[in-house]
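Here's the letter readout for the chains.
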Amino acid sequence: MNVKTYAEYSTANETPEVLFWVGCAGSFDQRAQKVTRSFVKILNHLNIKFAVLGTEESCTGDPAKRAGNEFVFQMLALQNIEVMNNYGVKKIVTTCPHCFNILKNEYPSLGGNYEVIHHSTYLQHLIDEGRIKITDAASFKGKKITYHDSCYLGRANEIYEAPRKVLEELDAELVEMKSCRTKGLCCGAGGAQMFKEDEPGKKRINIARTEEAFETEATIVAAACPFCNTMLTDGVKSKDKQQEVKVFDIAELLAAGQGLEKISF
Amino acid sequence: MITYFQIYLFISFTTMAAFYAYRGYRRVYKNIMLGKKEELSDNQSERIKNVLLVAFGQKKMFKNMTPAVLHFFIYFGFIVTQIELLEIFTDGVLGTHRIIFHAVENIAVLRFIYVGTISFIEIVSVFVFIATVAFLSRRFLIKVPRLNKPELKGFPVQDAATILLSEIYLLICIFSMNTADMAMHHGEYGFAVSGMLMHLFSGWDYTSLHYVERLGWWGHMVGVLALLVYLPYSKHLHIILAFFNVYFARLNPKGYISNMPEITKEIKLMMDPIATHPPVDANAAPVKFGAKDVFDLSWKNLLDAYTCTECGRCTDACPANQTGKLLSPRKIMMDTRDRLEEVGSIVAQNNGVWKDDGKSLIENNFISVEELRACTTCNACVEECPVMISPLDIIVQLRRNLVMEESNAPAEWNGMFTAMENNGAPWQFSQQDRLNWAKE
Numbered sequence: 001m002n003v004k005t006y007a008e009y010s011t012a013n014e015t016p017e018v019l020f021w022v023g024c025a026g027s028f029d030q031r032a033q034k035v036t037r038s039f040v041k042i043l044n045h046l047n048i049k050f051a052v053l054g055t056e057e058s059c060t061g062d063p064a065k066r067a068g069n070e071f072v073f074q075m076l077a078l079q080n081i082e083v084m085n086n087y088g089v090k091k092i093v094t095t096c097p098h099c100f101n102i103l104k105n106e107y108p109s110l111g112g113n114y115e116v117i118h119h120s121t122y123l124q125h126l127i128d129e130g131r132i133k134i135t136d137a138a139s140f141k142g143k144k145i146t147y148h149d150s151c152y153l154g155r156a157n158e159i160y161e162a163p164r165k166v167l168e169e170l171d172a173e174l175v176e177m178k179s180c181r182t183k184g185l186c187c188g189a190g191g192a193q194m195f196k197e198d199e200p201g202k203k204r205i206n207i208a209r210t211e212e213a214f215e216t217e218a219t220i221v222a223a224a225c226p227f228c229n230t231m232l233t234d235g236v237k238s239k240d241k242q243q244e245v246k247v248f249d250i251a252e253l254l255a256a257g258q259g260l261e262k263i264s265f
Numbered sequence: 266m267i268t269y270f271q272i273y274l275f276i277s278f279t280t281m282a283a284f285y286a287y288r289g290y291r292r293v294y295k296n297i298m299l300g301k302k303e304e305l306s307d308n309q310s311e312r313i314k315n316v317l318l319v320a321f322g323q324k325k326m327f328k329n330m331t332p333a334v335l336h337f338f339i340y341f342g343f344i345v346t347q348i349e350l351l352e353i354f355t356d357g358v359l360g361t362h363r364i365i366f367h368a369v370e371n372i373a374v375l376r377f378i379y380v381g382t383i384s385f386i387e388i389v390s391v392f393v394f395i396a397t398v399a400f401l402s403r404r405f406l407i408k409v410p411r412l413n414k415p416e417l418k419g420f421p422v423q424d425a426a427t428i429l430l431s432e433i434y435l436l437i438c439i440f441s442m443n444t445a446d447m448a449m450h451h452g453e454y455g456f457a458v459s460g461m462l463m464h465l466f467s468g469w470d471y472t473s474l475h476y477v478e479r480l481g482w483w484g485h486m487v488g489v490l491a492l493l494v495y496l497p498y499s500k501h502l503h504i505i506l507a508f509f510n511v512y513f514a515r516l517n518p519k520g521y522i523s524n525m526p527e528i529t530k531e532i533k534l535m536m537d538p539i540a541t542h543p544p545v546d547a548n549a550a551p552v553k554f555g556a557k558d559v560f561d562l563s564w565k566n567l568l569d570a571y572t573c574t575e576c577g578r579c580t581d582a583c584p585a586n587q588t589g590k591l592l593s594p595r596k597i598m599m600d601t602r603d604r605l606e607e608v609g610s611i612v613a614q615n616n617g618v619w620k621d622d623g624k625s626l627i628e629n630n631f632i633s634v635e636e637l638r639a640c641t642t643c644n645a646c647v648e649e650c651p652v653m654i655s656p657l658d659i660i661v662q663l664r665r666n667l668v669m670e671e672s673n674a675p676a677e678w679n680g681m682f683t684a685m686e687n688n689g690a691p692w693q694f695s696q697q698d699r700l701n702w703a704k705e
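Residue numbers (the numbering used here), protein chains in the order written: chain A, 1 to 265; chain B, 266 to 705.
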């Protein structure tokens, strides 16, 4: 894959247009890696000069901060800021709403001031500029897609429309779940819940959300967050519906729509 | 003679009520001020806009139509009734009867305005009555789930009933007063609703009607004063504090959680190889991370707690609560307030000095670790609150204390912290493998 690091740009005395912040899930989680690659395919297809930090990237510190460990968060944040400020990073795009939120809202007061864009907004801009061309490589005609609002995109940063605009590009029917937008039900992963067992209760949160998705009768559940993606995929699997209902990131769907990616749905 | 006696009674009641009310509100103010400083008076225009839209305009209430409309009747009724209360109060001090009416009765335009205003208040009051009955039945007959959660058992439900029943009581008083007054004067005022009700009193003699009128007048007056005194001990205090709470609400995006500057300092020292530690002040209070008790929270968190009217929209929207976990954002607010009341009274009893009672906001029958752990920080509670309270901010501060002061975290989290420190990722992967995804 054609991916260059900031270090490589730097040695070549070049400046990339944008830093693609991959995030831990996007780097290590097998499912999220696919999303990373789909997004990169779109960027490469449009000849966008982007860089990644590669091995110089660390976790933003989000799960530690939300769990209450401000020490670990700030340690990582200050390291990341040092790396990015050394390269003179100005603009960041990321496929993870948690990275997006923390880079945009919490890094500035620690000395990290960047223009931070979530990939849903980034893709929407590309669509608005007319740079994305949907081909008939993958036909979404007659398919129902339901979009799951990520809390850190939606309520946390009031981005509700951009991911929907991206999905509207595809020739599919966009249907809403019972709770959506400001009332969107969490997938259950935020606040470092992803990394531990649930507290005792009647149900797992991801199951409750998956049930809402099933109610729409959509066969594609679109996510814009690697953690939501995992939680919903697990939900679908636990209901043994993985043949009927597929969970995809908006970047994967858009890449498929452009014929850049083969996905089965 | 009887007039002077009534003036005497009225002034004594009012003075007494003012005294107790002052003590009650001062207690609330002092308790809120036990919180830590937080600067929240920037960007005034945005804050004023919020007060107009969210507090006066009740914008966030209207996400849920039925209760919003019912609540709006009561809110609007409360405001317009203050006009009539002005006359009642003046009459009480001067021993007069409908002083404004008698001042304007011979000026057609002003008389029309007076009668129109009182009639308008009467009509609005009918809607208030309907709304109050609807609220009582939502809570006690239909049993709307969010109004029947475990944290409301005991005083909170009694408090809610007290407020709703006293609204009905006040309405009965004011309608008895107006209707008897109309009947006594053969309808000469021409009020809209009491004009229809006055036939209920047909055949009553003047003296009996006069007693009913006085009973209504006094009942209303005493009821209003009693409520004024009761308010600072009730969830109903939101009718005052909501405006302040909305004004001082944090204006950052909801996803923002403040960074702790005391930690930035430490880490910068750690990262800088040639830094020398500044001399340690032996007398300085030890730095405490996060919040263990109410005085570790910001004054805004405490204002939030007193503003909460326990409506439970937050708990209804909470994904943890919906799936049967112990966490209820409303309970976070109620526990914070209850603990603050406890702390406040200890401070008051000791002439402004805090004496450790060996308890704190965490556990001790207040907020349990299990509740704190269940939060997904999804902001649904913050989004829902009609008066811009943030239960999430308190949860995060308490979590900080658990993790950084008590080293109290689930094993999986400790593993995650270690992985983040060593590998720069919440999982045990080597940082050198971060770009492996691109190798395909």
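Don't take each hint at face value.
[What the hints assert, rightly or not] In silico lysine to any residue, SDA-like type, Cα no more than 20 angstroms apart, as pairs:
#, chain 1, residue 1, chain 2, residue 2
1, A, K178, B, E677
2, B, K533, A, G111
3, A, K91, A, N113
4, A, K196, B, E677
No lab work stands behind these hints: they were computed from the structure.
The hints, checked one at a time:
Taking the CA atoms of K178 of chain A and E677 of chain B, the gap is about 33 angstroms. The hint is violated against a cut of 20 angstroms. Straight-line distance between C-alpha atoms of K533 of chain B and G111 of chain A comes to about 12 angstroms, which keeps the hinted pair within the 20 angstroms bound. Proposed proximity of K91 of chain A and N113 of chain A is supported: the alpha carbons are some 9 angstroms apart, at most 20 angstroms. In summary, the hint linking K196 of chain A to E677 of chain B is supported, as the alpha carbons are separated by about 5 angstroms, within the 20 angstroms threshold.
Going down the numbered hints, you'll see the structure goes against just number 1.
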